[in-house]
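Input sequences plus hints: build the corresponding full structure.
If you read the sequences in order, they're chains A and B. Just so we're aligned: 154 in full-length UniProt numbering is position 154 of the first sequence, and the numbers increase by one with no gaps anywhere. Just so we're aligned: 286 in full-length UniProt numbering is position 286 of the second sequence, and the numbers increase by one with no gaps anywhere.
Hints in this document: simulated from the structure, not taken from any laboratory. Since this is a predicted model, take the numbers as computed values, not measurements.
Capping the alpha-carbon separation at 27 Å, the derived lysine-lysine pairs in BS3-like fashion look like this:
{"hint": "1", "chain 1": "A", "residue 1": "155", "chain 2": "B", "residue 2": "370"}
{"hint": "2", "chain 1": "A", "residue 1": "155", "chain 2": "B", "residue 2": "373"}
{"hint": "3", "chain 1": "B", "residue 1": "373", "chain 2": "A", "residue 2": "342"}
So these bits of chain B aren't anywhere near chain A, every CB distance computed over 10 Å:
{"hint": "4", "residue": "24"}
{"hint": "5", "residue": "92"}
{"hint": "6", "residue": "95"}
{"hint": "7", "residue": "146"}
{"hint": "8", "residue": "147"}
{"hint": "9", "residue": "169"}
{"hint": "10", "residue": "173"}
{"hint": "11", "residue": "194"}
{"hint": "12", "residue": "208"}
{"hint": "13", "residue": "211"}
{"hint": "14", "residue": "228"}
{"hint": "15", "residue": "323"}
{"hint": "16", "residue": "355"}
{"hint": "17", "residue": "359"}
Glycine included, C-beta positions come from ideal geometry on N, C-alpha and C.
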Amino acid sequence: MIKMIMDTTEIQTINPFSRLEVVYGILWTLVPIFGLVLGIIIGVLVIVWLEREISAGIQQRIGPEYAGPLGILQALADGVKLLFKENLLPSRGDARLFSIGPSIAVISILLSYSIIPFGDHLILSDLTIGVFLWIAISSVAPIGLLMSGYGSNNKYSFLGGLRATAQSISYEIPLTLCVLSISLLSNSPSTIDIVEAQSKYGFWGWNLWRQPIGFIIFLCSSLAECERLPFDLPEAEEELVAGYQTEYSGIKFGLFYIASYLNLLVSSLFVTVLYLGGWNLSIAYGFIPKLFDINKAGKVFGTIIGILITLAKTYLFLFIPIATRWTLPRLRMDQLLSLGWKFLLPISLGNLLLTTSFQLLSL
Amino acid sequence: MNVPATRKDLMRVNMGPHHPSMHGVLRLIVTLDGEDVIDCEPILGYLHRGMEKIAENRTIIQYLPYVTRWDYLATMFTEAITVNGPEQLGNIQVPKRASYIRIIMLELSRIASHLLWLGPFMADIGAQTPFFYIFRERELIYDLFEAATGMRMMHNYFRIGGVAADLPYGWIDKCLDFCDYFLTGVTEYQKLITRNPIFLKRVEGVGVVGGEEALNWGLSGPMLRASGIQWDLRKVDQYECYYELDWEVQWQKEGDSLARYLVRIGEMTESIKIIQQALEGIPGGPYENLEIRRFDKVKDPEWNDFEYRFISKKPSPAFELAKQELYVRVEAPKGELGIFLIGDAGVFPWRWKIRPPGFINLQILPQLVKRMKLADIMTILGSIDIIMGEVDR
Numbered sequence: 001m002i003k004m005i006m007d008t009t010e011i012q013t014i015n016p017f018s019r020l021e022v023v024y025g026i027l028w029t030l031v032p033i034f035g036l037v038l039g040i041i042i043g044v045l046v047i048v049w050l051e052r053e054i055s056a057g058i059q060q061r062i063g064p065e066y067a068g069p070l071g072i073l074q075a076l077a078d079g080v081k082l083l084f085k086e087n088l089l090p091s092r093g094d095a096r097l098f099s100i101g102p103s104i105a106v107i108s109i110l111l112s113y114s115i116i117p118f119g120d121h122l123i124l125s126d127l128t129i130g131v132f133l134w135i136a137i138s139s140v141a142p143i144g145l146l147m148s149g150y151g152s153n154n155k156y157s158f159l160g161g162l163r164a165t166a167q168s169i170s171y172e173i174p175l176t177l178c179v180l181s182i183s184l185l186s187n188s189p190s191t192i193d194i195v196e197a198q199s200k201y202g203f204w205g206w207n208l209w210r211q212p213i214g215f216i217i218f219l220c221s222s223l224a225e226c227e228r229l230p231f232d233l234p235e236a237e238e239e240l241v242a243g244y245q246t247e248y249s250g251i252k253f254g255l256f257y258i259a260s261y262l263n264l265l266v267s268s269l270f271v272t273v274l275y276l277g278g279w280n281l282s283i284a285y286g287f288i289p290k291l292f293d294i295n296k297a298g299k300v301f302g303t304i305i306g307i308l309i310t311l312a313k314t315y316l317f318l319f320i321p322i323a324t325r326w327t328l329p330r331l332r333m334d335q336l337l338s339l340g341w342k343f344l345l346p347i348s349l350g351n352l353l354l355t356t357s358f359q360l361l362s363l
Numbered sequence: 001m002n003v004p005a006t007r008k009d010l011m012r013v014n015m016g017p018h019h020p021s022m023h024g025v026l027r028l029i030v031t032l033d034g035e036d037v038i039d040c041e042p043i044l045g046y047l048h049r050g051m052e053k054i055a056e057n058r059t060i061i062q063y064l065p066y067v068t069r070w071d072y073l074a075t076m077f078t079e080a081i082t083v084n085g086p087e088q089l090g091n092i093q094v095p096k097r098a099s100y101i102r103i104i105m106l107e108l109s110r111i112a113s114h115l116l117w118l119g120p121f122m123a124d125i126g127a128q129t130p131f132f133y134i135f136r137e138r139e140l141i142y143d144l145f146e147a148a149t150g151m152r153m154m155h156n157y158f159r160i161g162g163v164a165a166d167l168p169y170g171w172i173d174k175c176l177d178f179c180d181y182f183l184t185g186v187t188e189y190q191k192l193i194t195r196n197p198i199f200l201k202r203v204e205g206v207g208v209v210g211g212e213e214a215l216n217w218g219l220s221g222p223m224l225r226a227s228g229i230q231w232d233l234r235k236v237d238q239y240e241c242y243y244e245l246d247w248e249v250q251w252q253k254e255g256d257s258l259a260r261y262l263v264r265i266g267e268m269t270e271s272i273k274i275i276q277q278a279l280e281g282i283p284g285g286p287y288e289n290l291e292i293r294r295f296d297k298v299k300d301p302e303w304n305d306f307e308y309r310f311i312s313k314k315p316s317p318a319f320e321l322a323k324q325e326l327y328v329r330v331e332a333p334k335g336e337l338g339i340f341l342i343g344d345a346g347v348f349p350w351r352w353k354i355r356p357p358g359f360i361n362l363q364i365l366p367q368l369v370k371r372m373k374l375a376d377i378m379t380i381l382g383s384i385d386i387i388m389g390e391v392d393r
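Below is the structure:
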């Protein structure tokens, strides 16, 4: 054993620098990725807890209280339970599609976290296409849902999968048009540039005030993209039992659960980035950034503050979708589609037209 | 099931008996064309327990604990009809106080039933939260029942010629408090639900039943009154003491799910009005007509004699049903609950035919859901308000 280690160290000493650099290079690409994934998982756990506590508050119940302090670990307990449950495969379903479906849904949503700036230039990959990566990737998730709905060999699942596809296609377009208007305002699709463009006038510089119509359309469409009430038709319990999740059990079911909350978190983060000024404190502008630029410790502190501000805005915004879910009834499928195509699409087009013409005039 | 053979893309979905929104164990075989419902075939009988046959070898008082399992959400009404049949068959007078207690209990039960219609109905169209709110109020009603009858759901409270026990001390005040509180509760529901645009979109013009159609299908209760026909057995038949109280029949013209919702909400406030008046005007006196409990009374046996039987205040009733037949009915929350009763000069009824309102109202479902969307099945089924316990009996 010791000899083997000795051997490897001997080999390494032959060409010490390139070896180490490769290892460090891999490590330094993996650390942020795993750090982000870990952060996201904790974020999802917090959302689940928030959802359960807020819904309990709305419905005059107590909510989780025994798993961990204030029931914070309830989601973890549920996840562990799901891990240990039997993984059932429908006997006449398509086992491959059935297994791939949930992972496609989760992975596609996880990918879109890579373009979210959590702090000042704290971003996994500042791509040139920026937010449009999210738009592109978020239309992959319904393929996973359709696959799982089709692979389940269950009519409810199939209907749920079809509904998910129809819904995400029809709400993708208004969503894209809203994002397009935002990126027109900052002359760049990069998420960092979008946040920078909002940093000038503090609270009043937010895109929320420059794009109020766009914000409302974005809110509706992102709710529909997340398949949350009033747009949760694909998994409407009273109609389709559980939609595409009907045949799932164990951790595959858990993956759908995670995917829906990941989706909620990412769209809330995008609301923060696109409309609510991202990591900027937005109150005492001009004062705090200078204070933090003095030394390295100050920079680290500033970054942490930026992350905290982003998360605070995100989680405060999350109250809206959560409260909506526990207040409103569900739309019917034809009403959902006509809302998407006949109302949101024309209005978002008009919004884009207005934005474009204002940008042209000001240039 | 006349589906043309050329259409290959129709999908037949089996909904139930374990579907979440089939209100128990109703089973629907639905033929779908995408989201459109082409055909719907209900299949009943998953909760059949032979309630009518069970009645034929039991005395009325032995049968009373069974009847609360017909419509287990409006239990007082099943008990009321079970004692009303023999009462009318034997022409038995009910003391005034008992009649008032019955009215109060029946109307409380009507509110409880309508509440447990409202919650699942809203859940059927996707709003989960009202379900918890209605339970909050329903609990209070069941607390009142528990205080008066000793049981929350399966009371076994009505007796031939009265009720089993008088109201306990302080119950009337407790009930009046509940009435005041509940009116605020109804306002809260209306604020939350009635003008919600999504709710209106889901229920307006969905499942329209015309007045003529409603009569032809034999609908009753809110289903009938929502179609513009002012037919309420409490006014029509004038049973118990309803004619002494001041209240209105709730009705709507439109005949859609929204109209049925409004009728039921209106009936809840109207029931509160009835309860309040009954509580104010409840007379004193006996709560049960004890004389009719037993016919083969042994006259003054000598104490500790061979013939002597200790008879406490309430002898076990062995009520004899006359050799006659009749149909009695009450206005249950779901509609007209009736009994066709044939006596055979014995303690057991010879025939005990139940006319459950849910069963008759359910007949119109396939017609209403055709050419609607899949999601409308739940709205329409919810607005019909069925309880499978009484549909299958």
